[in-house]
Each structure stands twice: as C-alpha cells, then as structure tokens.
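A.B. asks: Okay, here's what each chain looks like letter by letter:
2 protein chains.
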Amino acid sequence: MGRWEPDAQGRLQQAAMALYTERGFDQTTVAEIAERAGLTERTFFRYFADKREVLFGGQPQLLDQLTKGVAEAPDSLAPLDAVSTALQALGATFGYRRDASRLRQAVIDANPALQERELSKRSALAAAMADGLVSRGVPETTARLTAEAGAAVFHLAFEQWLADDTHDLAHFVRRAVADLKSSM
Amino acid sequence: MGRWEPDAQGRLQQAAMALYTERGFDQTTVAEIAERAGLTERTFFRYFADKREVLFGGQPQLLDQLTKGVAEAPDSLAPLDAVSTALQALGATFGYRRDASRLRQAVIDANPALQERELSKRSALAAAMADGLVSRGVPETTARLTAEAGAAVFHLAFEQWLADDTHDLAHFVRRAVADLKSSM
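Residue numbers (UniProt numbering), protein chains in the order written: chain Z, 1 to 184; chain R, 1 to 184.
Next up, chain Z with everything else stripped away, as it sits in the complex (with noise of 0.2 Å):
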C-alpha cells in the first residue's frame, strides 16, 4: 500500500494484451493479469472497471476529439470532407500506435462477443461525427448518413494501416474518401 507503482497503468494494458494473446480473452482473469504486471487486483480496479475496458478504454476522449474536430473544420469544406479531416487528424494520435493496434485487433477477432462491443463503439464514433455535423448546422438526417459513411471510411482505413508499414493512417482515410466519393 502506498508503494511507488511506475506506470501502472501501462503495465496493466501491456500485461493484459499478452495474456489475452496468449491465451484468449475469456480464459484471462483480472487475477491474472495483475499478477502478470507485478500488482494488485485493487490496482487493476483502479484504472480499469472490467478486463473488456483494457481493450476498449479511453473512448470518452476519443469521442471529444472527434466531435471538436468536425465541428473546428473550415467553414468552406463539405460536410463529408469536414469528416475527413477529423479522421485525418486522429489518425496522427494513432500514428506511434500501429503494433499495439493490430495486438489489440487479432484479441477482438479472435472473440464473436468483443466484435460486437466493437460494432457498438463503430455507432459510437458515428454519432460524435453526426454530432460534429449537426453543430456545423448540417441537417440531421446528412449528419447522421455523413457520419456513418465516415465510420466505413475509418474502419476501411484502419484496417488497411494496420497492413501496412509505410504509410500514415490519414492517408488511407483520405484514399477512403476518395474511393466513396468515386462511387456516386
């Protein structure tokens, strides 16, 4: 109690994906991953609420930074390109992240229950954009097709980052966009 823990929370994260890679994400205890990480389930619970929250923590930020970036986009940009950018610019705070993303995406494929908390969190970025949209004075139902067009767009990307090591996840994002926009 009151020991000096060193960046716990990223030691917690670190030993959590292993063992969810080792071993798979429901044969992972809290127990275990604590131990793993050289600290106390009470520790674990301290940045953590569940052993799912290790995959899918800091969402709240994430939905912020969104939402504030489509609404910040220049005034002149069409509401998906407004999306574009916005995406653009998460994709640099993902940028130094590509190991610990593809780590954290082979967890989830490997599990029908977590691919369904990641649909969900799909909805979720959706509805920040729309939100980002709406405040640009975009009309709701646009916002809302705009926003789900650009989650494709971002899950399409991320996806197409995390096979590949030269380029930069905003350039996908905007091959993405063009590739939509090619379609209609």
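Where hints are given, some of them may not hold.
Just so you know, same-sequence chains aren't split out, so a pair can sit in one copy or run between any two.
Stated by the list, open to error - DMTMM-like, lysine to aspartate or glutamate: derived pairs with alpha carbons at most 20 Å apart: (1) 51 - 118; (2) 181 - 22; (3) 51 - 81; (4) 68 - 7; (5) 51 - 22; (6) 181 - 81; (7) 121 - 109; (8) 68 - 22; (9) 181 - 118; (10) 51 - 64.
Honestly, the hints are just simulated from the structure, not real lab data.
Given chain Z, put chain R in place with the hints provided.
C.D. replies: What follows is chain R alone, placed relative to chain Z:
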C-alpha cells in the same frame, strides 16, 4: 400429433410479438409463446431455432435478394445508384408490413442485447450489397464503402418510414441517397 395447424408459423410469430410487447423479450419463454398460439413447443422449434429468430428470421432470403438486386441493376448506374435501386426494390417487399415492423422495432429498442444483434444484421446487409457490387466489377474497397453507406441509408430510411404513414420505404431510400450525395 398430426393435428392440422393452419399458418402455425404466423400464429407463433403473432403470439411471440404480443408477449414480447406485453412482458418484454427476456421475460417471455418459448413455452408461453406456444401456449398463446395454441400450439406445442415442439411445433415452435420446427419453425424457429430460438425466440430471437422470431425477430431475425428470414435474413438469408433478404440478403440474397439484396446481392441479386445490386448485381442486376442496370450497367449504366454508378455503384451507389445500383445500391439505391436494390434497396428500393427491397422496400417494396416490406410495403405491407409497417405495423408489424413497428412492433418489432419497439421490442428491439427495449433490449440492448437485441440492439447488438440488429447491428450485426446491418453488417450482414452491407456485406450482401458489397458482394453484388464486386460482381459488377467495382473494386473491393469502393464496394465495401458504398455498401456501408447503403446500409446507413437503409437504416435511416427504415426509421423514417416507421414514423410515417403516407410514403413507401422506397421514397425514403431515394431521399436519403440524395441527402448523402449532397454531403460531398
């Protein structure tokens, strides 16, 4: 046994929807559905794998219809317009089911687990449309993005159609596609 059961499937569906609406989905058992329909549990399981399938059955046919509708839309159409054509045709097959669709939606809206299932259904719709686009020669990434946009169009159009009493579903599909095009 061997008793004649006129429209057993329809009676089970009606009984299930009535009970899901009255008591909630989780509080309803298959035994109660069968009893309300004046049929046996065994008969229920001849038509449905479980009580969720009463809400989500018929999906394979729907998906085939969508893939075919996209694939066979006129060659001259841009990918999004091929998707729009297929969704409008699908709308025609729902035309007479507005009241039943409203009941179903209310049951799903009241239950988070069913909402997650509905999100997976939407992914399946998108995948079916993407297959149709690929068979038209549309590159895979463009096909996926366009199909996701199409799924968002259908979701919004369906919601607007449920809240309306004068226009058909195809009307809302056309309007949503026009909205989406206006965002670029």
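A.B. asks: Of the hints given before, which are not true for this structure?
C.D. replies: 2, 3, 4, 8, 9, 10
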